[in-house]
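Between the sequences and the hints, there should be enough to build the whole structure, so can you do that?
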Amino acid sequence: MSGQKPTEGMSLIVKTTCGWLKGFILLYGIHIILYGHLTPGGGFAGGVIAASAFLLILLAEGQRAGLKTFSKKAALTWRSVGALIFLAVAGLGLVVTGTFFENFWTGHASGNFTHFGGSIQASEIGIGLLVCSSLYLVAMVLFGCAFGFESER
Amino acid sequence: MNNLIPLLVVIPMGVAFAIPLAVRMNPRLGELLSILTALTLLVISLFLPSQEIIYHIGNWPTPDGIDLRVDGLSKLMLLIISGLALVVGIYSVGFIRQFTGHYRYYTLLMLMVTGMNGVVLSGDLFNLYIFVEIATIASYALVAFGGEHEDLEASFKYAVLGGLSSSVILIGIALVYGMTGTLNLTHLASRLDGHVLTPTLQFALALLFCGFGLKSALVPFHTWLPDAYPAAPAPISAILSGITSKAIGLYVLVRLLFNVFGITDDLLLLLRWSGGITMVVGALLALGQWNIKRLFAYSSVSQVGLIVLAFGFGTTAGIVGAIFHLVNHAVFKPLLFLNSGAIEIAAGTRDLRKMHGLRSTIPVTATTHMVGSLSIAGIPPFNGFWSKLIIVVAAVNAGFMGWASLVVLMSIVTLAYQLKVQTAAFFGSNTRSPEVTPSIATGSRSNAEPLFMAVPMIILAIGCGALSLLTLTGLDEPFFVASAAEVLMKGVFTW
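Residue numbers (our numbering), protein chains in the order written: chain A, 64 to 216; chain B, 505 to 999.
Simulated from the structure, these hints should not be mistaken for lab results. Only true hints are included.
Computed spacing ranges between beta-carbons, pair by pair:
#1 B:Gln602 - A:Pro103: 48 to 58 Å
#2 A:Met73 - B:Val664: 30 to 40 Å
#3 A:His94 - B:Pro531: 32 to 42 Å
#4 B:Leu788 - A:Ala137: 51 to 61 Å
#5 A:Ala151 - B:Arg528: 17 to 27 Å
#6 B:Leu973 - A:Val158: 35 to 45 Å
Cβ atoms here follow ideal geometry from the backbone N, Cα and C, with glycine treated the same way.
Here's what the structure looks like:
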């Protein structure tokens, strides 16, 4: 916390409203990520929406509650994991079909392309995790509560 | 073999994101992974074929999908990037310990390598822009890595001017897309080939020239560089001056001019004048500097000017000379910057007026610095001599006697400011007070040039001599360089 006291959040009304909304916002973000292969949106848009749910907690319920819900260490981890998922999906195309980022896992085989988007969906999940956690980290830096990474490494 | 091409971008990017996780197991894994990655990239680059290959990502055909392009020029650039990343990675093991947050340094270094490799391989303008941004943003953070006031100020200045250049480039790309309907370089070249550029496209080309000119630090867009290079840690100054400004600036500029828009007499004239002015201004400003890293930074400006000037001759010999000097500059300038890191640790200052007689304290640095100085000044038998010789001969053969004389004159100026560094830092008696020169006072040699710092300097110094051997195949067709020059001489890409 770099010596500063964490904020304790806004009024009871705001906290209660936030308590109702945060789950729905996060769910909507996840929906946008998972259905990016069919509808407008995808990993980037969904990741931003999901991050906004965590930012809401950080702002409305305070930094202590925000960091308890989604800690810096977790955000750093999921940022790396998201990027590695994306690269792994792209690299698996090279391994399986011989072409980098080939859509080797089309989803047609399952007979249900509506819910299963194959390698597109998998890469969107990676992007979603990366964008959500990166944006959250950026916000933490701007709010002044992201210092002290070393101790959390 | 073609399947190795995307790995040149994927591996450093993957490692960049894996380092923050790996260091939780062992803090030393960051430097180990970086060095191994650079070594892997070097091996992959060596095995790439020199003939033109277009790799379609996801099997999408041109121009619908994203292309990666490998040819003689991009292979040469990839070799320089990975070779330099390896040397800098090894040097950093000894140097970067004085800072905190090592893993962030290595993450950013790998992201910068990702960006540079991506720029060199990109077959379309938009992805090229994205990779330029990846490399540039990583370099902003690396310049500020020291965290001191002047580091942050330099990084901020770099970020503002870099942001300006990126905006200008993006507007240029948007105009090109608006007028031609494509961003794929091959497709774009085929659409422009044989047509006179419309005023809008001329404006777009001017924007791209200014944007990439700023990234290459051509005068008058050079003002960020003398602040950024001295502020960055020495290994980052080495990689920034050695290859980053070339890969994300100069390389893209000549690619666009020679292979996409098509070179014309007017553009060659522009290259000659902007290169010539940059060469003279950089050299004269370097001559007046007392801050060793700032002096080398202005020297970089001057050398970039020489390279651009040689491209502006428009002849095969001129382009061969330009590319050969680009390669040589990627060896002797990083060497000089790595030397400056050891000098700064030994003397406790960057001010040449406050240091004397460091030769006995840091003998490896003194010797390798002598080699680097002679190379950059164009003294035989070192590599700089051969590239400057090719450039002067090319200028004479093309009838540019004035430019040839200026190149020789500026080589003398280069020798003058390098001798100034030599005499100030290494010669004379060591009479400095202990508080100014901590390593000298304690007689500690290991602090200033530990093994991890000495070995990269020795490798680069050997490189200064060894690269002269590239001319064994003939001054008009040096090994590796000739195939790179051929790519530009072929003119615009054919569809």
